[in-house]
Each structure stands twice: as C-alpha cells, then as structure tokens.
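Trainee: Each chain is listed here by its residues.
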Amino acid sequence: MEKYERHQFDVIVIGAGGAGLRAAIESSALGAKTALVCKSLLGKAHTVMAEGGIAAALAHVDPQDNWQTHFRDTMKGGQFLNHWRMAQLHAQEAPDRVRELEQWGAVFDRTKDGRILQRAFGGHTWKRLAHVGDRTGLEMIRTLQDRGVHQGIDVFMECTVVGLLKDGDRVSGALAYWRETGRFVVFRAKAVVLATGGYGKAWKVTSNSWEYTGDGHALAYEAGAELIDMEFFQFHPTGMIWPPGVMGILITEAVRGEGGVLTNSNGERFMWKYLPENKRKEFAETPEEAQTWVEMVVAGKQTDARRPPELSTRDNVARAIYTEVKEGRGTPHGGVWLDISFQDAERVKKKLPSMYHQFKDLADVDITKQPMEVGPTAHYAMGGIRVDADSGAATVPGLFAAGECSGGMHGANRLGGNSLSDLVVFGRRAGMGAAEFAKQNGQWPAVDEIEIQNHVHRTIAPFERSGENPYTVHSALQDVMGKYVGIFRSENDLQEGLRELLSVRERIKNTHVEGSVMFNPGWHLARDLENLQVCAEATCQSATLRKESRGAHSRTDFPKEDPQLAKVNMCVKKSADGMTVSATPCPMMPEELRKLLQ
Amino acid sequence: MTGDCTFKVFRGDQSGGELREYKVPVETGMVVLDAIHWIQAHAAPDLACRWNCKAARCGSCSAEINGRPKLMCKTRLDDFAQGEPITVRPMKAFPVMKDLVTDVKSNFAMAKKIPVFTPQAGAEWKWYQQDIDRVQEFRKCIQCFLCQDVCHVLREHNMHEVFAGPAFFVQTAALEMHPIDAVDRTPLLRQALGIGFCNITKCCTEVCPEDIHITDNAIIPLKERVVDRYYDPLLRLWRKIRGR
Chain A
0 MEKYERHQFD VIVIGAGGAG LRAAIESSAL GAKTALVCKS LLGKAHTVMA EGGIAAALAH
60 VDPQDNWQTH FRDTMKGGQF LNHWRMAQLH AQEAPDRVRE LEQWGAVFDR TKDGRILQRA
120 FGGHTWKRLA HVGDRTGLEM IRTLQDRGVH QGIDVFMECT VVGLLKDGDR VSGALAYWRE
180 TGRFVVFRAK AVVLATGGYG KAWKVTSNSW EYTGDGHALA YEAGAELIDM EFFQFHPTGM
240 IWPPGVMGIL ITEAVRGEGG VLTNSNGERF MWKYLPENKR KEFAETPEEA QTWVEMVVAG
300 KQTDARRPPE LSTRDNVARA IYTEVKEGRG TPHGGVWLDI SFQDAERVKK KLPSMYHQFK
360 DLADVDITKQ PMEVGPTAHY AMGGIRVDAD SGAATVPGLF AAGECSGGMH GANRLGGNSL
420 SDLVVFGRRA GMGAAEFAKQ NGQWPAVDEI EIQNHVHRTI APFERSGENP YTVHSALQDV
480 MGKYVGIFRS ENDLQEGLRE LLSVRERIKN THVEGSVMFN PGWHLARDLE NLQVCAEATC
540 QSATLRKESR GAHSRTDFPK EDPQLAKVNM CVKKSADGMT VSATPCPMMP EELRKLLQ
Chain B
0 MTGDCTFKVF RGDQSGGELR EYKVPVETGM VVLDAIHWIQ AHAAPDLACR WNCKAARCGS
60 CSAEINGRPK LMCKTRLDDF AQGEPITVRP MKAFPVMKDL VTDVKSNFAM AKKIPVFTPQ
120 AGAEWKWYQQ DIDRVQEFRK CIQCFLCQDV CHVLREHNMH EVFAGPAFFV QTAALEMHPI
180 DAVDRTPLLR QALGIGFCNI TKCCTEVCPE DIHITDNAII PLKERVVDRY YDPLLRLWRK
240 IRGR
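Residue numbers (numbering that gives the first Met the number 0), protein chains in the order written: chain A, 0 to 597; chain B, 0 to 243.
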C-alpha cells in the first residue's frame, strides 16, 4: 500500500486568506487544476480580522483622487523603499479589484448617491478606504470563499505544509500533514503559490493568531528563495492593553479615521508633538480645525480643513505612544487614551460595531461613553519573499508568493488599508503567474522521496526526543523579540537579541511533545516554531545591518535616515554557512514615476 | 473572580471520552479561551481546540460552556459564580474529532449547494444604504455554527443531509435580499435546504454571537416566500388553470 496520501495539481496555493483565495480563483479560472491548502478551516484566516477597509482610488468621496496620488502616498508611507513597480500596479489595479469584489457579492457601505463609500485613513491624502463598518476583512474573505468554492477549487482545510519539494532548481510540490489525523500528504505540483501571511507570533503582544508563524517566509527561505526588508515589522499603534487576556487585540485605525482623539494621562493631545516637520502642514493646526474636519467627514461633505494629527502614519503614531508611556505619561495599564465618545453614540455603533462590542464584552468599556486604553501591538510584516512585481514569481523557479508573506510592496511601513488591496491585486497576479508557469512547464516535475522522508523525520522528531515543552520555548522566543527587537532598537540590543535567539534555536531543536499525532496543538507548535525562528533571526540580522531609522525600523543609535540606505533592500538568503544578510540595490524607478513623487 | 478556577474539559475522540479536571489561575478579565490556552501551555499540550482571532471575529472557538453554546473567546470567567467549576465540551450537533474539535464538514458541503451571488444582466451598480442594511446584518455571520449546534433539527434529529440549518438560511437570505441578485433560490429552500423542518423555536437567534435576528429577519421571510410560491391556494388554482 502507498505510504502517503498523494495528489497532483497544476498549481497549489498555500494559505487561504485574501491573497491565497484570490490566487486560487485566478489560477483555476485560467484552467489550471488548483488546490488550496490551509492550516485552519476555510474562512478563518487572518484576513477576517482586517477591519478598517481596502484602499483604492475610486474617487467616490474625494473626486480629486487618482492612482498617481495613491502611488505617491504608498511610496511616502514606505519611505521610498517600496518596489516602485508593485506600488504602481497596486495603485492602478486596486479600484478594479474592489469593483470585482462587489461584482462577486461583497456589500460595501454606500455613499449618499448609492456608490461604494470611502473613509479616511493615516497617510492617505484622500478618503480612500472602501469598507463595511469595521469588518471589511470578513466581507472580503466570505466573498472570495464563496466565489472560490463554487468555482471548483479543491480545498484542503486544516492541512499544514511542512516543506517544499524540489526537482533540481525548480519547486515540484509540497509535503503537508492533516491536523486531524497527523497523516502526511504529498502534493506534486507544477507551481506553488505561498500566501501564508506574516509572523506576528514572534512577539507576545500581537494582533496575530496562532497561524502567524512565518511559514511561507521559512518554506521559501529553506527552498533557497530570497527574503527582503525583514527589518521592517509594523507595530500597530492601537491594540487593547487591558484586561491581560485581550492584550494586543486590534483596535481599528478607523476609530481615528472617524475622528478618534489620542491623549496622555495629563489629558494632552500629544500627537501634534510627534508630527514630522516636513509633514506638519498636511495636518490641522488647531483642535478646532481638526474638529471641523471630523464634522465634515461625519456629514459626508468636502472641506478645506486638514486632518487631525492622529492620522499620521502607523510607525509614527506607534513611536509616539511608546514614548509617552516610557516618559511617564501613560494610563494606569501602560497605554494612552483613545476617545471617540464625544461623537453621537448611534453613529459610533453603526460605523464601529465590532469595536463597540469588543470593548463592551471583553473590557467592560462602553466606547460611546468612555475612552479606550490603547498601546502598540505587533501587527504586520512588511518584509517577505522577494517577488517579481508583475507575476509574483519568487527567485526560485515554480515558486510564487503574494500578500503579507511577500516583500517589497510596502517598503519600510505599510499604510492602513493597503493590505487588503495588496491581497487582491497581487493574489490575482500570483495566480496568473503560477497558472502561466504551469502551462509553460507542462512536464510533471519529480518529487524526491528522500526529501519527503527528511521532512517527515524532522516533523515527527519532537515525539521521539526528550526536551522542553514547545509552549515554554515559544514564550522564550517572544520575550527575546519583545525585549531586543521591538519598536526601538540599538546595536547592543540587537547583538544581545541575536545571541539569545541562537540559544532559543537550540532549544527549538530539542522540544518534546506528548500524546498522539491526532490534532495535537503542542506538536503543531513545535514545527511552527522552526519557521518563527527563521523569521525572528532574519528580522534581527536585517535590523542590525540597517544602521539608520526609516519607517517602522527605529534605531536609537542611528535616529536619522541615511540617504545611502534609501537605495538598498536588505536581502536574506540561506547559504552553506547558514543565514546571510546583505544590502542589495533597490530597483530603478522610471523617470515618469519619479516625477510623481516630487 | 480571583485565585484558581476548576475547569472540567472534555478529553476524547469518536470512540468516547471523559471530563478531565484542570486547576487554572485566574487573571482579571480572563475568558474561557485564555484558560484553555493556559491548560495547553502548562498541563496538556495536546488538548485540541480551534481558535484564531480571539476577538469574536472568526467564529472558530465554538464550544458548550456549562451546557450553553458559546464562543470561548467571548465568555468571561467573571460571568460565573466564584468557586463554580466550568465545564467545557465540544459542540454536540457535530461528530467529535478530538477534545473540543468537531467535524464541521457538513457545513461546508451545505454552503456549496447554495448558488453563489449572480448579478442581474445590465444591472446598475448603484444602491442605497437602506437597501442593504438588512443584507449587511446577515453578512455579519462569522460561521461559528453555534446556531447549527443549538438547532434541534440538527442537534436532536441529526438531519444534516436534508436540512440546511439557520446559518445557511442566513446566507441564503443575504443573497435573496441583495438588491441586484438574479437567482431564485425559493425552490431550493423548499427542497434541498429543507426550510419546512424549522418550526421557529428561535434557539438559533438566542445563541448568535453577532446578534443576527436569524428567525425574524432571515428564516420567517424566507418561509413566507416558500409559502407564497407553493402553498397559496389562489396561486395554486391559477397555476392549474394556466397549466404550469
């Protein structure tokens, strides 16, 4: 009898959030036999947690908007490290992808004249985020899920991929196990798309779920692909901080987009202090002007008033909150206040229903009457697999990536709302790229039985060796990252962090699990930790090499930007001696796009 | 609530199982899912449960807590009396896989039977907020399947094959009430989805963590459509005369 369950597909997509679903839909629509493999049940991926909206220059609310402005905002937000071609395609194609979602059944909030409504967000010049209250991600994933299922994609739910298989240089499939039974599954495929999301589980205070262990990053790295921009990890400025159990859960930026105000324990509206000098004129000068802007937004009217300072980019707001708390102006539980209670209660409940319930149910706070206590939470990986902008192709033949696990689109800092649009723009492109590659390379590549054996042995090893509980080791890794590789970094901290990470690596190699292979979360974690370790090390090493502050990467010992470093991406690659990190030149932006940035 | 709390958690699989006791230290604001995570990290790393968002947004961590179908991430320990043991069992309407994890495949199979959104040809993509308020209520569904769990047609009578259950009436209602959807799902509701089996006990509405008015806003209007189509005596006569 065959030892393992085996399948053959033209394309397999790993990960079933927005990017994976969109990739699978495209690949399948182009005639490729497509499988979607995911760790959770379908429809539970992290996209479901996206709240505020999807950024696209539809110009429904602010008619001045266009793709050029969206492109410029994205590049400015990313401190010009973004791959220009990705930022361009993203800005140009996002409106079509949003309309497509509507044509597939998504039901967005409406403008008074019956079109898709858009709201303001940090770093976006115009009101640009199409949304459904504060549950835009749910709407998107459900729409894509229904579309994909009815299109006949084969879905392998609760199936975890533990290794990519290769035939020579080329990717030829993947090895996975069913979480329910622990049995292994061999996928032979002409092309593989990674859409596995980020690695926020490397930090203790995070908005991310158990799935976010950098699987795609690590699978690609192990298969020889390049990772870029790994030093840039976004800390969302507003996570819940009290009570302890909810620490890190996301509070949407839409609270600030709808007029929410940040104050410290002295009642000071501190964000004005932290606006970068060169951007100060983009923001309201007085609380009165900010208030006018809010009132006009609520009324759905145009205004000359400028936006409130709370709508600065996420990296900046997160640093501001961190600094306020560190300098002793924090709230009782070590955060700051975010207040929307001055607005009409019914409107708050209508526009922010999930936030209302989240605080009422989990923290006994009525946000229509009281302020929220908030603090930064690890949220989003800007860094990821280096891809070709147009096709999503990684640097290994047959391998593609899209969404959070890919790198380049967001540069040094992602703007809110640009993630959901990224998922559908580049999910579609990676699906196209993979289907095309499968067609061009029609021969079935070979799967290497020895390679399969190696992955199997490595995966079941925690049952066979003695050692630590994986939960203990995970906690240790999170402590290291929180202590040394957080919002602010320095040479000493990063060196110490790296030393400690190397010792955590040894502990991961010696985790031990009890029980059977049937739905065993401890065992699942033991393998996922290896992926997390790759991402943590890559982040720490890239951060050490970037001796400047830019976007989400803030060095206390190098507080300024270094113009020379604006020209390079840090690139992580596996070599015979282990992980190597080096500066590689950013792609050259064509002149006509460069002009848009001036 | 402070000190320790005793949890009795179902441990087992298809072949059977038992409630096992764990003592968990309680923190302010703690929810049942936190306690399960504590047990995994300290006492039983192989305790199986599903979870993702931890914020009542993904609908993964459904279970029966002291006999009530609930999301573990939304159920606070201070809702229980001090010293009272808390029992956590898997959803009863679905076969157990292991511990708190159940086999919910039947739901995904049912979802596939409902024709996807299909816009009217040449429709104008313009509608107003008041046209979609109701649809958006249904679209809030997080597919936690608690309504399925509590529905006696599924829970007691195990009619998963012939009865869609509340979650899928909500899904169908969202499609049927979409301003420009073109598909007629009324015959399907009557036959493959078996809406007639529902006798409006409203248990589903009571357990919905998203506060969707499942019975009043989704099931009853859909039942009315079926009744109007198939059981209106005047219409039946008219159809007989017209021969269709």
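Worth flagging that the hints you see were computed from the coordinates, not collected in a lab. Worth double-checking, as some hints may not be accurate.
[As the list claims (entries may be wrong)] Only pairs whose alpha carbons sit at most 30 Å apart, straight line, appear in this in silico DSS-like list of lysine-lysine:
1. A:Lys-300 <-> B:Lys-91
2. A:Lys-32 <-> B:Lys-111
3. A:Lys-359 <-> B:Lys-111
4. A:Lys-573 <-> A:Lys-482
5. B:Lys-73 <-> A:Lys-348
6. A:Lys-75 <-> A:Lys-559
7. B:Lys-111 <-> A:Lys-546
8. A:Lys-32 <-> A:Lys-278
Trainee: Which of the listed hints are broken here?
Mentor: Hints 1, 3, 7, 8 not satisfied by this model.
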